[in-house]
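Residue numbers (numbering that gives the first Met the number 0), protein chains in the order written: chain A, 0 to 320; chain B, 0 to 320; chain C, 0 to 320; chain D, 0 to 320.
The reader is advised that the hints may include incorrect statements.
Repeated chains share a single entry, so a pair holds when one copy, or any two copies, can fit it.
The list that follows gives simulated cross-link-like pairs (lysine to any residue, SDA-like), each with its CA atoms no further than 20 Å apart [said to hold, decoys possible]:
id	residue 1	residue 2
1	Lys247	Asn90
2	Lys247	Val186
3	Lys247	Arg217
4	Lys247	Thr94
5	Lys247	Gly183
6	Lys247	Leu224
7	Lys247	Arg283
8	Lys247	Ser79
No wet-lab data here; the hints were simulated from the structure.
Protein chains: 4
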Amino acid sequence: MTTRYGYLGPEGTFTQMALQSWVTAHEDGPDAAGTGEQVPFGSVDQALDALRRSEIDAAMVPIENSVEGGVSATLDALASGDPLVVTGEVNVPITFVLAARAGMPLADVRSVGTHSHAWAQVRGWMDAHLPAATYVPTLSTAAAAAGLGDAGGSDGGRAAYDAAVCAPVAATNHGLTVLATDIGDRVGAVTRFVLVARPGALPERTGADKTTVMLFQRDDRAGGLLELLEQFAVRGINMTRLESRPTKESLGSYCFSIDFEGHVWDERVGEALMGLKRVCAEVRFLGSYPREDGAQVEVAPLTTDEDFAGARAWLTSLRRG
Amino acid sequence: MTTRYGYLGPEGTFTQMALQSWVTAHEDGPDAAGTGEQVPFGSVDQALDALRRSEIDAAMVPIENSVEGGVSATLDALASGDPLVVTGEVNVPITFVLAARAGMPLADVRSVGTHSHAWAQVRGWMDAHLPAATYVPTLSTAAAAAGLGDAGGSDGGRAAYDAAVCAPVAATNHGLTVLATDIGDRVGAVTRFVLVARPGALPERTGADKTTVMLFQRDDRAGGLLELLEQFAVRGINMTRLESRPTKESLGSYCFSIDFEGHVWDERVGEALMGLKRVCAEVRFLGSYPREDGAQVEVAPLTTDEDFAGARAWLTSLRRG
Amino acid sequence: MTTRYGYLGPEGTFTQMALQSWVTAHEDGPDAAGTGEQVPFGSVDQALDALRRSEIDAAMVPIENSVEGGVSATLDALASGDPLVVTGEVNVPITFVLAARAGMPLADVRSVGTHSHAWAQVRGWMDAHLPAATYVPTLSTAAAAAGLGDAGGSDGGRAAYDAAVCAPVAATNHGLTVLATDIGDRVGAVTRFVLVARPGALPERTGADKTTVMLFQRDDRAGGLLELLEQFAVRGINMTRLESRPTKESLGSYCFSIDFEGHVWDERVGEALMGLKRVCAEVRFLGSYPREDGAQVEVAPLTTDEDFAGARAWLTSLRRG
Amino acid sequence: MTTRYGYLGPEGTFTQMALQSWVTAHEDGPDAAGTGEQVPFGSVDQALDALRRSEIDAAMVPIENSVEGGVSATLDALASGDPLVVTGEVNVPITFVLAARAGMPLADVRSVGTHSHAWAQVRGWMDAHLPAATYVPTLSTAAAAAGLGDAGGSDGGRAAYDAAVCAPVAATNHGLTVLATDIGDRVGAVTRFVLVARPGALPERTGADKTTVMLFQRDDRAGGLLELLEQFAVRGINMTRLESRPTKESLGSYCFSIDFEGHVWDERVGEALMGLKRVCAEVRFLGSYPREDGAQVEVAPLTTDEDFAGARAWLTSLRRG
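Next comes chain A alone, as it looks inside the complex (with noise of 0.2 Å):
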């Protein structure tokens, strides 16, 4: 049977590329899914909505970039409603051109269609190269492009703005041309996605893995976050990612969003969760996956599974008298 991947749309986004690769890497192995179908969506919201509807398997959605921080749509939909937890993730180098339509120059270029968010990434490049360029925000990248290549085709040339900034694969899919490459201010950006699904049976452990937590504190303990991070240092765990983000009751009152080296079944990061379920007003999990990049966990001293078992062992005889 066909897998049904939601994106983060349409065409031509660095999520469908997210995707491709996911796919790419995935349907040769024992979980081989073929190419699947992909489904765009106008916003994470929807795909999500549609994956906990069940008319997806799985959705591939942003949820960190190196130059603008936390994607909020995605941290938000994955904290609240039916649980979902990541299955996946794929890291996207990102890289922007600036692209329009055959005939434009770059020198009559007078506004500038894309993203906000990669608005904020290729600034210093506009401000050096199109500093009188006005911005015209649109639903994605790939939209941006899309605008130029659609007006082009419906109403003779007239769009709301000049160029694009966008990935260099959605100007070839729109038929456009790159004015720039590399526009970027950052080398190096790249975006992380992850693949998301319904709860079911969990990636196996490969001793490479990651987990995904949402942490809402609790209105009457003091010491706050700190209590929190210490049920992780205690137990020698290492956070890749840690995001606020208003529980959206009032200014000021915040849940955390954050990835730690492990896997559920690692003893450590097994007793660290029952802390914190203990301290928390509620622990949200959304999945322990492998790492992209494969990099196996250091394990701190005295942490291993081993240990674990060793202290339980040793507790068990005390018991016993």
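Add chains B, C and D to chain A, keeping to what the hints say.
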């Protein structure tokens, strides 16, 4: 001399409302600046750059929203470049209206323009009342309203969208008809704005103060965030906001934007800042300023200025032998 | 079968009073052992060695005094050799008398015999009333009394000292005259004794329990004691006694004898012990037993057995996917 | 003027050896005091009381032994009464001999006199070689030797015991025959002595210093010892000794005698002491003084005086605006 205030424009934004609120509150006080001159800017960056170039005296910008979280553009603009400091804060309740040109019935609205943050806050209402409407991103909520008004004036009705989500004042400014009021999904949503200035004389200590810092971790320090938070905890200092932001160097490299209670002239705050200065790669001080709500800081036992002064006097006597 | 109890003798010591108190309290209970047989030993070591060789069934020994602190002989004897466990505790108020043979007036007392710990507790009284008296150390307070009595019988009055500091009962036992009562410098002084047995069935959990452990640090772990104490703190466990003892390997190398509230069958205690087992070079479990005062443990919020069981059930459900 | 040194006597104790070692090491130095006058006292209390009354200029007393642990009499005498400070330390290897009057063969020894701490350190040897010998407590090891010598002189041989456990020098002093050497159970046993003086000019900072304090907890502070230790940890300060002592108020009420690396003039030490002063009920400063071994303190990264001075200068600049 008239104070020149910059703000995230155009006219009619929630930011301008914050600035107006600030000016009104302060025009009769000891630091009265009259209503000053109010200069809109197209982005937070542009406003703060103008401030750095001394073209304006202060800038009002949004820093966090109770629903959408931290405002990345502001956090990042304060985190780099020439130093700026926060000198005050204003909380503005956020209420959205759906506005259109005269004669447009709600039932005919097929597309809606607004800023992406506002769109995120009204999606529930939209799903319930205009499920088929498409979303058109704009640079601000006020720009969405302006787009309808201007378009109405310039070409007889042809705009990129049929209705705008904006502040009530923006609808009024542009002569639009309000189709629905209070359409935000969260009752009580609030955005917090900060008045930013070039470093100079600090606002006086009032006992109801906040301090804002940006902390950059050292790469070579295990413990990381936990170690930073302990610097607050051992001095009994309460944090009111914590946001992680990417350092933009690589995925997983973060800095932290933190608000905490107290003033840099408080002894406990001074010692905590010195501790952070030692253990961080960089501490960027972003100001001490009075809370808008005037709520006095509840100083934890044993951390008053008198406690610190007593301890210092004691140490001095020890050292003298 | 009669229980054979050893104790730190000779007859008339405070330790025997503790044992008598224990036996009286338990002879009618469900674990009634009658008054048993009571065997005095010359030292804590001798009593515990006899216990290890199964010559006796249990031994009553002092572990701490509210004035003089921990009893090193007991702490060290429990810390090495074949495992023993504490199965109960008895607190005995310590009141000293000055006793002499009939006919000796207080004014004629030129030397005083007693155990060095007792001497330390009556020095204030001695300085005030017998400033010129010399001190003669004895093996115990009861031995000091016995020395006067025996000497009186054997050689017509020639003893190594004129008066003894001892318990009232010891003066009575040896036919001495009490010259002064309640001569301890601290009103309310108390010695805590523990009943020690070979490992076997643990005393049942009562909700008013203590647990005793000896912790040996790893040489290679920075943080040291702080790291150990955090294992208690993160589970909300309250310590009631902490004594450092040299490991006897080198100056500055310590182990820690700790009493804390709770029973090894408590979930929070079990998890803390497992944590200690992992991070310590060695954890010597020295028993869980009911508090003598029956004071129920005030379990910190979020650390009840139900909290732990709920967290474990939740983890299990996560792992099942 | 001749310095008058008190010490825990009588002549021939390990304490006198420590004093002699100190005097020898310092008589040619810049603070040379010659060999001074050496005054034995019958107890630590008596020596320190004489010091408080200015009858002597300094007192050498034992503070900890690598086998027997802290010396309670010293810890308690420093913890109360008029302030005294430690100005130096001496470590003395402890070697015991068994000594008797001439003509007494080992096989005939039926009773052994010595100080209880010494007895504790030779029990293994005694069990192996003189299992039937009874123990007779004396006020010091030197007093045990003196007892044999004096008795031999005064009444033709009748003493309370047949042999003494003492330092080799004490046997020599009293004309005793050594029956066995090196009878301590622990090779390498060491006792650490401290030279105590009235508060005055502090010993200069050498970079190889220790500081000694006595900390009294507040009753109303949860966290307790953990909170105290964090004051050291956050400034990277290493403890070298921690002893709990009863406050003598009630069972389970402790104070803590702590040695740590560094001098009160070190910035990190000063800040830690101020933190302790705030959170403790009382901090009793007991001196900063050079380590006998001259081992330079390994200052933790980011806690040098320069780090602190840099942080303070930065804070000052912040406060100036």
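State whether the alpha carbon distance between Lys247 and Thr94 is at most 20 Å within one copy, between copies, both, or neither.
between (34 Å within a copy, 15 Å between copies)
I want to check one pair: Lys247 and Leu224. Are their C-alpha atoms no more than 20 Å apart within a copy, between two copies, both, or neither?
Result: close within a single copy only, 18 Å intra versus 24 Å inter.
Can you tell me if Lys247 and Ser79 fall within 20 Å by alpha carbon in one copy, between copies, both or neither?
within (11 Å within a copy, 28 Å between copies)
Between Lys247 and Arg217, at a C-alpha cutoff of 20 Å, which is it: within one copy, between copies, both, or neither?
Within one copy, since 15 Å is at most 20 Å while 32 Å is not.
Please work out whether the CA atoms of Lys247 and Val186 approach to 20 Å or closer within one copy, between two copies, in both situations, or in neither?
Answer is between; shortest inter-copy Cα gap is 10 Å, intra-copy 35 Å.
Is it within, between, both, or neither for Lys247 and Asn90, if the alpha carbons may be no more than 20 Å apart?
between (29 Å within a copy, 15 Å between copies)
One pair to classify: Lys247 and Arg283, alpha carbons no more than 20 Å apart. Within, between, both, or neither?
Within one copy, since 16 Å is at most 20 Å while 28 Å is not.
Please work out whether the CA atoms of Lys247 and Gly183 approach to 20 Å or closer within one copy, between two copies, in both situations, or in neither?
between (33 Å within a copy, 12 Å between copies)
In summary, this structure violates none of the numbered hints.
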